[in-house]
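Undergrad: For reference, the chains in residue letters:
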Amino acid sequence: MAAPLAIHLEFGGGAELLFSGVKEHHVTLPSQSEPWDVKQLLVWIQRNLLKERPELFVQGDSVRPGILVLINDADWELMGQLDYKLQDQDNVVFISTLHGG
Amino acid sequence: MCQAEEEYSDELGSAHVPSVSKKCVKCKEATAAVVIRAGDVYCRACFKEYYIHKFRATLGKNRVIFPGEKVLLAVSGGPSSCSMLHQVQEGLSQSVHKKLRFLPGIVYIDEGGAVGRSVEERLRTMAELQAVFKATGFQFYIVPLEEVLDLPGSVVVSALAPPERANSTYKAEVDHFMHSNCSTRSAPQDQDHEALPEVQESATQMLQQLMLSAKTLTARQNLLNTLRQHLLVHMARTRGYSKLMLGDSRTRLAVKLLTSLSLGRGAQLAQDTGFSDSRYGDIISVRPMRDHSAKEVFYYNHLFHVTFLFIPSLDTKQMTDKASVQRLTESFVTKLQEEFPSTVSTIYRTSEKLQTAGRCSSTGDQCERCLLCLCTLDTAVDDASAFQATLISEQLSQTAWPRVDRSKVAKHQGKPESTSFTAQYCSAKAGAQDCGGCCSFAKEPEPMDLRSLLCYSCQLTIRDMSSIEHLPPYILSEAQRRHRRCEMREEISEFLLDSGKDD
Ligand SMILES: [Zn+2]
Ligand SMILES: [Zn+2]
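Here the protein sequences line up with chains A and B, keeping their order. 55 is the number of the first residue of the first sequence in my numbering; add one for each residue after it. 0 is the number of the first residue of the second sequence in my numbering; add one for each residue after it.
The hints are simulated quantities; they were obtained by calculation from the structure and are not laboratory data. Every residue, glycine too, gets a C-beta built ideally from N, C-alpha and C. Incorrect hints may appear among the rest.
As the list claims (entries may be wrong) - Straight-line alpha carbon distances no greater than 30 Å define the calculated DSSO-like cross-link-like pairs of lysine-lysine that follow:
id: 1; chain 1: B; residue 1: Lys98; chain 2: A; residue 2: Lys139
id: 2; chain 1: B; residue 1: Lys69; chain 2: B; residue 2: Lys27
id: 3; chain 1: B; residue 1: Lys133; chain 2: B; residue 2: Lys22
id: 4; chain 1: A; residue 1: Lys77; chain 2: B; residue 2: Lys47
id: 5; chain 1: A; residue 1: Lys93; chain 2: B; residue 2: Lys60
id: 6; chain 1: A; residue 1: Lys93; chain 2: B; residue 2: Lys334
id: 7; chain 1: B; residue 1: Lys27; chain 2: A; residue 2: Lys77
id: 8; chain 1: A; residue 1: Lys105; chain 2: A; residue 2: Lys139
id: 9; chain 1: B; residue 1: Lys97; chain 2: B; residue 2: Lys27
id: 10; chain 1: A; residue 1: Lys105; chain 2: B; residue 2: Lys334
id: 11; chain 1: B; residue 1: Lys214; chain 2: B; residue 2: Lys242
What the hints assert, rightly or not - Just so you have them, the derived chain B footprint on chain A, three or more residues with Cβ under 8 Å:
id: 12; stretch: 89 to 97
id: 13; stretch: 123 to 132
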């Protein structure tokens, strides 16, 4: 059993509008038998935080094209993307690049 | 091997080790933080250097901004233009030899009235940006889009370009600048920066009426872009700036390029998306962010704490990808970027290679420039063009073409209104001759037909409008002036020695 994880989520670039306009969320992921990965985090976000229009945030089991993900200030492509194993106190940022400029 | 062990230990919930640690390709020491392209991974510091260098290199290699020149930065509050502002600040704080050498000012155009935001929301955004602008110490202007309703007709006239400065003088001026004026500060502030502009409710209503008269979101967006551009040029002209700096990123330009193509702006692509745009003659627009992808912009802003806002646009409420041609193209380019990253750079590089043939001369006749976008008119072309095709299908389907009664224009200008209704009933047949026939029975003003004054693409926009009487007075009065001029020319043409009509 892995202990519950406290992580910090941040939404920006307009993605926060899907979360009642709130940019920063401190959340606790419940303990579960396997370690949490980003794929499971996305499911958890959809069930617990995402209030409307999930299609604007997720596509399949990943994020929608045009949404950038940073884990602890690094491109998630360097961290294993969906397979990254979350750690306590991790900082995950989702930024929508759509309609920006 | 090592990593496998680490992951294993993570699962046991013990050590906190980053699961991957790729090295930066530039310095080969620090841990990479940003993936620019597959294989191109940079650490934080090298990414910053790369980003700043790109901005300066784009400006430097084009050599259009002269030392000491006043440059107006169009900042929308969005990520890319705020990043551009940050780059300029960065560039001015450098040591003498690396320092940017122009005098920046900032203009923000508040489009809230056109997109239906409340007064409170607009004020909040303006106050937030005001704080950002103040911190720069630059001269800045916060202008509601409503001011476009009071522009003079000269805005849609291309002014004479200042005498060409050769590349050799560029070098000389740089040297001169370096010796004479090393500690340039921005001009003294002549504006009360505390006061946010107040907008009259009636002006907002007029603007909204105008936006609503465009029947499709695509046309509405084109209209909004046109009005914004006019106001920007006007601000630059009246405040003594000779360059406008726009924040379009590479991704935005790729979207713009494909959108332009599908909206029939093929002939104007080079100016619409290139580094510099001289269609206004005296005011040249430049796009120094055109080598930065949206991803780079967002990473930079996040990593280096560049403040930007999410400002709702026309289509924010309509969240579907098919709401407009612009939106559909954006979603296409975004997906392309994700799946075939190199394709987007290819699209954008195409725009660099586009050159319009020498038809366009900045000293040209005003009758030959589009009333709205000021591009050289592309409607006098061969029979097989899309323009001809649209004309034919229009004739076949008898599509109504929005017109305005000239008497209404007169009313706009404060002249007494005549009682002409014929104009509205004059159905739009192709060609002005037919029309002249059907409403000339009474000696009343003919309906104004903007078609002959517009490029193909702007014609399509206007065709999607239920009426053009809500267009700002400066557009209508300039249209009238051009019509009169053309009529006059026709009348006196036989007396002219060189009428340009020789067979
Ligand atoms: Zn490095
Ligand atoms: Zn046009």
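Undergrad: It remains to establish, for every hint, whether it holds in the given structure.
TA: Verification of the supplied hints:
A threshold of 30 Å between alpha carbons decides the hint, and for Lys98 (chain B) with Lys139 (chain A) the separation of about 45 Å lies outside it, so the pair is violated. Restraint check: the Cα-Cα separation between Lys69 (chain B) and Lys27 (chain B) comes to about 40 Å, which exceeds 30 Å; the hinted pair is violated. Taking the CA atoms of Lys133 (chain B) and Lys22 (chain B), the gap is about 39 Å. The hint is violated against a cut of 30 Å. For the given pair, Lys77 (chain A) sits about 25 Å from Lys47 (chain B) by alpha-carbon distance, which is consistent with the 30 Å threshold.
Restraint check: the Cα-Cα separation between Lys93 (chain A) and Lys60 (chain B) comes to about 45 Å, which exceeds 30 Å; the hinted pair is violated. Distance hint between Lys93 (chain A) and Lys334 (chain B) is fulfilled; the C-alpha atoms sit about 20 Å from each other, no more than 30 Å. At most 30 Å may separate the alpha-carbon atoms for a hinted pair to count; Lys27 (chain B) and Lys77 (chain A) exceed this at roughly 35 Å. Restraint check for Lys105 (chain A) and Lys139 (chain A): the C-alpha separation of about 25 Å stays at or below 30 Å, so the hint holds.
A hinted pair counts as satisfied when its Cα atoms are at most 30 Å apart, and Lys97 (chain B) with Lys27 (chain B) qualifies at roughly 26 Å. Using a Cα cut-off of 30 Å, the hinted pair Lys105 (chain A) and Lys334 (chain B) holds, with the two alpha carbons roughly 24 Å apart. Restraint check for Lys214 (chain B) and Lys242 (chain B): the C-alpha separation of about 34 Å exceeds 30 Å, so the hint is violated. Figure legend: the stretch 89 to 97 of chain A, annotated as covered by chain B; annotation inconsistent (1 residues with Cβ-Cβ distances under 8 Å, at least 3 required).
Using a Cβ-Cβ cut-off of 8 Å, 7 residues of the stretch 123 to 132 of chain A lie near chain B, which meets the minimum of three, so the contact claim holds.
Hint violations for this structure: numbers 1, 2, 3, 5, 7, 11, 12, all remaining hints satisfied.
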